[in-house]
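S.K.: The chain contents come next:
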Amino acid sequence: MAALGDLAKLVRSKNAGPFWLTIDIMFDDAEAYRRARDAEIVNRAAIARLYHRNPADIIVVDHDTALAIKVSFPRPQSSGSKHDSDVYGGQQYAPLLGLEVPD
Amino acid sequence: MASFPLVSATGMLGSGFRAESLDKAISLGARMIGCDAGSTDPGPGPLATGVCMFSAAAVKRDTEIMMTRARKAGIPLIIGSAGTSGSDAGLAWMVEIVREIAREQDLHFKLAVIHSELSLEVVRRHQRDGRARALPPSAPLSDADIDAATHIVGMMGVEPIQQALTADAQIIVAGRSSDTSIFAALPLLEGYAPAVVWHMAKILECGAAAVAVRTAPDCMMAILHEDSFDVFPLREDYHCTPQSVASHTLYENADPFDLREPSGTLRTRTARYEAISDRAVRVSGSEFFHDPEYTIKLEGVRHVGYSTILMGGVRDPYILAQIDSWLAQLEDSIKTRIGNTVGERAYEIVTRVYGRDGVMGELEPHRRIAGGVGGHEAFILWDVISQSQDLSRTIATSLSHLAVHNPIPKWHGLISGVAFPYSPPEIDRGPVYEFHLNHVLVPDSPTALFRTEYEEL
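Sequence lines, in order, name chains A and B. Heads up: the first sequence begins at -3 in my numbering, then just goes up one per residue. Heads up: the second sequence begins at 172 in my numbering, then just goes up one per residue.
Keep in mind that the hints are not guaranteed to be accurate.
To be verified - Straight-line C-alpha distance at most 25 Å; calculated SDA-like pairs for lysine to any residue: (1) K10(A) with D503(B); (2) K78(A) with I494(B); (3) K10(A) with G187(B).
Simulated from the structure, these hints should not be mistaken for laboratory data. The structure displayed is predicted, hence computed values, not measured ones.
Please put together the full structure from these sequences, using the hints given.
M.R.: Rendered as structure tokens:
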């Protein structure tokens, strides 16, 4: 077992426009990427549970050339609105770092 | 067909790049310089206020290098999304910097200034005619949305920029533009294939962001061919890899394989990325699908109120252990106090507890698991928002007093439960805004919503 955060070369979150949040989980080598991808631990149900979102609103895409898994969902509040705490959406990836990737 | 080399000066005008990198691009035959100057990333502030996210000094430094190089080489310079938001105020600010540089450097050229700010009446007319569409996750555009907007810009495609190029403008300063249109306008005019051009433009718009390891912002160059393009950085210590270039389609997009433009969609799922040297990558194989309907994306902000903030820290472990009930009690006290002092006036207090869920708010999983503050201290940021600055300040001054002395059952007697770092603890933040439009318009033509002025400098 390895934590997703230990296996990835970069995990980051960012706005995709003012109304969406997107998270990139990127790997250095194809083996680590395939291991995380094939374990299917980053899926709509897992994201919905962690972030308390509706699974129907969540997009999960595997990008084989980029060696990356991408997660996107609508922001609970638009960027910089009165209830928002992260204008750039840059610190919303942390809950994914502890996901366990089986060997 | 011959090839078309072009350069992106940097990912964001004002963030910097090396002058020698741009010189190198020109020596390699770059036929245009493009630079994106805007974003919605910094939130609603720039569109609401017209103030650029970078200083005039930073923007002038980058612009001066681009202008002198472009004029000397006799190639077009295209700056899109001027002043961060592309609003008329942001555009005017940017144009003034361009004029100042032209005077100081004795540069002479035809300038095109393309406006992208829309009047509420224009947006209303499109909405009435059934030519407004909502983007997910938003509801259809309403009269109230339009009436509440303080500024609306339309995000232009390539066509207004192409119009200015055809009119022989040598420097083009555009209001809100799609990041890609800045780099796609001229190559599309020259007849290069849309799929190749749009994919190239998507990689170039962020400058050197698509290199493997970027230590500082810099230029990025591309050479278009008939059915592929090559991309590489100008700094010798930077390099692109197939993975670094492919990864860039992930950046700031909800879906990396479907990239929406006003005229259609770029699909990169079938794209191939191959290393052609230790620093350059060749990209081919994307597809571009023209949409039956040409659409212009709107960005709009509305005024929410006036904010006064208050910040303080808590170190008492007994308060931390019951912070939720302690804050709920404070909310009740302030409600009573405000009722007694200013009567029934609308206000809202947004409370962020750093150490609990201050960073992630309702997305925070620990908020639902742990149910309190885990560490030995917490930082609390109170944001009082109402319809006047005076009222927000009045509420905040009562709030600070009540917060300090807000009791807990453990202690008998008057407590001082909050550490304020500042005196006075309340800070007026002025008017606050929010993005509220996530819609597109179907215009009469791709250029209909945008007005261009020409000026001989």
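S.K.: Honestly, which of those hints from before does the structure not fit?
M.R.: 1
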